[in-house]
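S.K.: Now for the letters of each chain:
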Amino acid sequence: MKKNIFHFFILSVTFCWHSTIVVASIDGYVFSNGTLEKRYQTLNQLLRCPKCQNQTIADSNAPIAKDLRQQIYKMLESNYSNQQIIEFMVARYGEFVRYQPVLNKPTWLLWFGPIIFLFVAIFIISMLIKKSKRQTTVGFSADELKKLHDIENQL
Amino acid sequence: MQRFILFLPVIIFLVLGFFLYRGLSVDPTKLPSALINRPFPMFTLPTVLNGDIKTERDLQGQVALVNVWATWCVSCKVEHAYLLKIQNTTKLPIYGINYKDNNAKAQRWLETYQNPFEFSLADQEGSLGIELGVYGAPETFIIDKNGRLQYRYAGVITEQIWQDELKPIIDKLKELD
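Quick note, the sequences are listed as chains A and B, same order.
The letter at position 67 of the first sequence is residue 66 when you use numbering that gives the first Met the number 0, and the numbering goes up by one with no holes.
The letter at position 165 of the second sequence is residue 164 when you use numbering that gives the first Met the number 0, and the numbering goes up by one with no holes.
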């Protein structure tokens, strides 16, 4: 059973990785040089499909993703820089179109939240450990020991 | 401190509960348009019915609706009836953008189902669509009399959407005139 789950995991990981590679080259644009094609693939991975929100435009088969890929192709061939192309998309589709959000005021919690939570957790756990240690090392006071002794003698 | 730790699970529960509850009512497909308060993008496109060439200047002058539609868009058919009603009752100019469509089909559509639009632009390549950040149909924009984009609604306009969401904005823009 365990082995089956493991196989399933390996297979799904393989296919996930595989599918992005296959879809990425589906449009068959002919680029005037190889670097443009590489930049095209990179840009496709950096932009989100507005219709199918958890996919990049490289992963998506939605018509709008196809149109945006075509737009990128056209802009690359007309010598736009990567930065210019991304800004073109953000100006029209909003910040949302970046697959990796930029670090700014509304998104800092998104970026640093996990680290903050980690520190809070470490703080709480260390407090708890400290407290439990204190409790185990504290023994009986002299007074209490005497009382204990008395009770033992009485038995 | 001791007390505080006792209440920690309740606090965590409340914080989680707050976000999960909000998550129920937030619509992830509702995206803010990046173009609000910006001038309508420049374009030069022919109309669907007679091929007249129009530019962004032809949309200026009055508060108006710009509606993105297509014959391949099933829900546009539902919306079409309501656009006719808006046009009949309010006399608000409605401009159409016939998005990535076949022109003959679009002409037939307007003849069969009547035409609520002042004119429809034939955006066959979807280039005006990209300029407007359109990612599907139907989508509707409200523009002010200077042709600036003031609001974007993605989805079918219904009586409720019209009364609660769009009409108040249009009334406000008209008051400003």
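Think of the hints as simulated: they come from the structure by calculation, not from any bench.
Note that the coordinates shown come from a computational prediction; the quantities given were computed from them, not determined experimentally.
Among the hints, a few may not be true.
Some but not every residue of chain B turned toward chain A, in silico, with C-beta under 10 Å [claimed, not checked]: (1) Q1; (2) R2; (3) L5; (4) V9; (5) L13; (6) N36; (7) R37; (8) M41; (9) E55; (10) G125; (11) S126; (12) I129; (13) L131.
Mimicking DSBU-like on lysine-lysine, the simulated pairs with C-alpha atoms at most 35 Å apart in a straight line are [said to hold, decoys possible]: (14) K144(B) x K29(B); (15) K90(B) x K144(B); (16) K53(B) x K73(A); (17) K76(B) x K166(B); (18) K173(B) x K29(B); (19) K104(B) x K144(B); (20) K144(B) x K173(B); (21) K50(A) x K173(B); (22) K144(B) x K65(A); (23) K104(A) x K171(B); (24) K37(A) x K104(A); (25) K146(A) x K132(A); (26) K53(B) x K144(B); (27) K29(B) x K37(A); (28) K104(A) x K90(B); (29) K90(B) x K129(A); (30) K76(B) x K65(A); (31) K50(A) x K171(B); (32) K84(B) x K166(B); (33) K65(A) x K173(B); (34) K90(B) x K171(B); (35) K130(A) x K173(B); (36) K73(A) x K76(B); (37) K130(A) x K146(A).
The following label-pair restraints were derived from C-beta to C-beta distances [to be verified]: (38) E36(A) x L15(B): 40 to 50 Å; (39) K76(B) x L108(A): 18 to 28 Å; (40) I115(A) x L13(B): 16 to 26 Å.
Even for Gly, the Cβ is constructed at its ideal location relative to N, Cα and C.
S.K.: Against each hint, give a clear statement of whether it holds in the structure.
M.R.: Results for each hint:
1. Taking 10 Å as the C-beta contact cut-off toward chain A, the hint placing Q1(B) at the interface holds, the least distance being around 9 Å.
2. Because the smallest distance between the Cβ of R2(B) and any Cβ of chain A comes to about 14 Å, over 10 Å, the interface hint for this residue is violated.
3. A hinted interface residue such as L5(B) counts as satisfied when its beta carbon comes closer than 10 Å to some beta carbon of chain A; here the least separation is about 13 Å, so the hint is violated.
4. Hint status for V9(B) relative to chain A: violated, with the closest Cβ pair at about 15 Å, above 10 Å.
5. For L13(B), the interface hint is violated, the least distance from its beta-carbon to any beta-carbon of chain A being 16 Å, above 10 Å.
6. Evaluation of the N36(B) hint against chain A yields a violated restraint, the C-beta minimum of about 13 Å exceeding 10 Å.
7. Annotation: R37(B) was flagged as interfacial toward chain A, and the flag holds, the nearest CB pair being 9 Å apart, inside 10 Å.
8. The beta carbon of M41(B) comes no nearer than 13 Å to any beta carbon in chain A, farther than 10 Å, and the hint placing it at the interface is violated.
9. Look at E55(B): its Cβ only gets to about 15 Å from chain A, farther than 10 Å, so that hint breaks.
10. With a least beta-carbon distance of about 5 Å to chain A, the hint placing G125(B) at the interface is held under the 10 Å criterion.
11. Proximity of S126(B) to chain A holds as hinted, the smallest CB-CB distance being about 9 Å (cut-off 10 Å).
12. Checking I129(B) against chain A: minimum C-beta separation of about 6 Å stays under 10 Å; hint holds.
13. Because the smallest distance between the Cβ of L131(B) and any Cβ of chain A comes to about 7 Å, under 10 Å, the interface hint for this residue holds.
14. For a cut-off of 35 Å, the pair hint linking K144(B) to K29(B) stands: about 26 Å separates their Cα positions.
15. Among the hinted pairs, K90(B) with K144(B) is consistent with the structure: their alpha-carbon atoms are about 15 Å apart, no more than 35 Å.
16. Between K53(B) and K73(A), the direct Cα distance comes to roughly 25 Å. Compliance with the 35 Å bound is thereby established for this hinted pair.
17. For the proposed pair K76(B) and K166(B), the alpha carbon gap of about 21 Å is at most 35 Å, so the pair holds.
18. Restraint check for K173(B) and K29(B): the C-alpha separation of about 25 Å stays at or below 35 Å, so the hint holds.
19. Straight-line distance between C-alpha atoms of K104(B) and K144(B) comes to about 31 Å, which keeps the hinted pair within the 35 Å bound.
20. The hinted pair formed by K144(B) and K173(B) meets the criterion: a straight-line CA distance of about 9 Å does not exceed 35 Å.
21. Simply put, K50(A) and K173(B) have alpha-carbon atoms about 32 Å apart, close enough for the 35 Å limit, and the pair holds.
22. Restraint check for K144(B) and K65(A): the C-alpha separation of about 34 Å stays at or below 35 Å, so the hint holds.
23. Restraint check: the Cα-Cα separation between K104(A) and K171(B) comes to about 31 Å, which is no more than 35 Å; the hinted pair holds.
24. Annotation: proposed proximity of K37(A) to K104(A) holds, straight-line Cα distance about 32 Å (limit 35 Å).
25. Under the criterion of a C-alpha separation no larger than 35 Å, the hint pairing K146(A) with K132(A) is consistent with the structure, at around 25 Å.
26. Taking the CA atoms of K53(B) and K144(B), the gap is near 17 Å; set against the 35 Å cutoff, the hint holds.
27. For the proposed pair K29(B) and K37(A), the alpha carbon gap of about 33 Å is at most 35 Å, so the pair holds.
28. Distance restraint check for K104(A) and K90(B): the Cα-Cα separation of roughly 43 Å exceeds the 35 Å cut-off, and the hinted pair is therefore not satisfied.
29. About 74 Å separates the Cα atoms of K90(B) and K129(A), which puts this hinted pair outside 35 Å; it is violated.
30. Among the hinted pairs, K76(B) with K65(A) is consistent with the structure: their alpha-carbon atoms are about 25 Å apart, no more than 35 Å.
31. Distance hint between K50(A) and K171(B) is fulfilled; the C-alpha atoms sit about 31 Å from each other, no more than 35 Å.
32. For the proposed pair K84(B) and K166(B), the alpha carbon gap of about 13 Å is at most 35 Å, so the pair holds.
33. Distance restraint check for K65(A) and K173(B): the Cα-Cα separation of roughly 39 Å exceeds the 35 Å cut-off, and the hinted pair is therefore not satisfied.
34. A distance of roughly 16 Å separates the Cα atoms of K90(B) and K171(B); the hinted pair therefore holds under the 35 Å criterion.
35. The hinted pair formed by K130(A) and K173(B) fails the criterion: a straight-line CA distance of about 67 Å is larger than 35 Å.
36. At roughly 33 Å between alpha-carbon atoms, K73(A) and K76(B) fall within 35 Å of each other, so this suggested pair holds.
37. Restraint check for K130(A) and K146(A): satisfied, since their Cα atoms lie roughly 26 Å apart, inside the 35 Å limit.
38. The hinted range of 40 to 50 Å is satisfied by E36(A) and L15(B), whose Cβ atoms lie roughly 46 Å apart.
39. Between K76(B) and L108(A) the beta carbon distance is about 43 Å. The supplied range of 18 to 28 Å is therefore violated.
40. Take I115(A) and L13(B): their Cβ atoms lie about 18 Å apart, and the range 16 to 26 Å holds.
Consistency note: the structure conflicts with the earlier hints numbered 2, 3, 4, 5, 6, 8, 9, 28, 29, 33, 35, 39.
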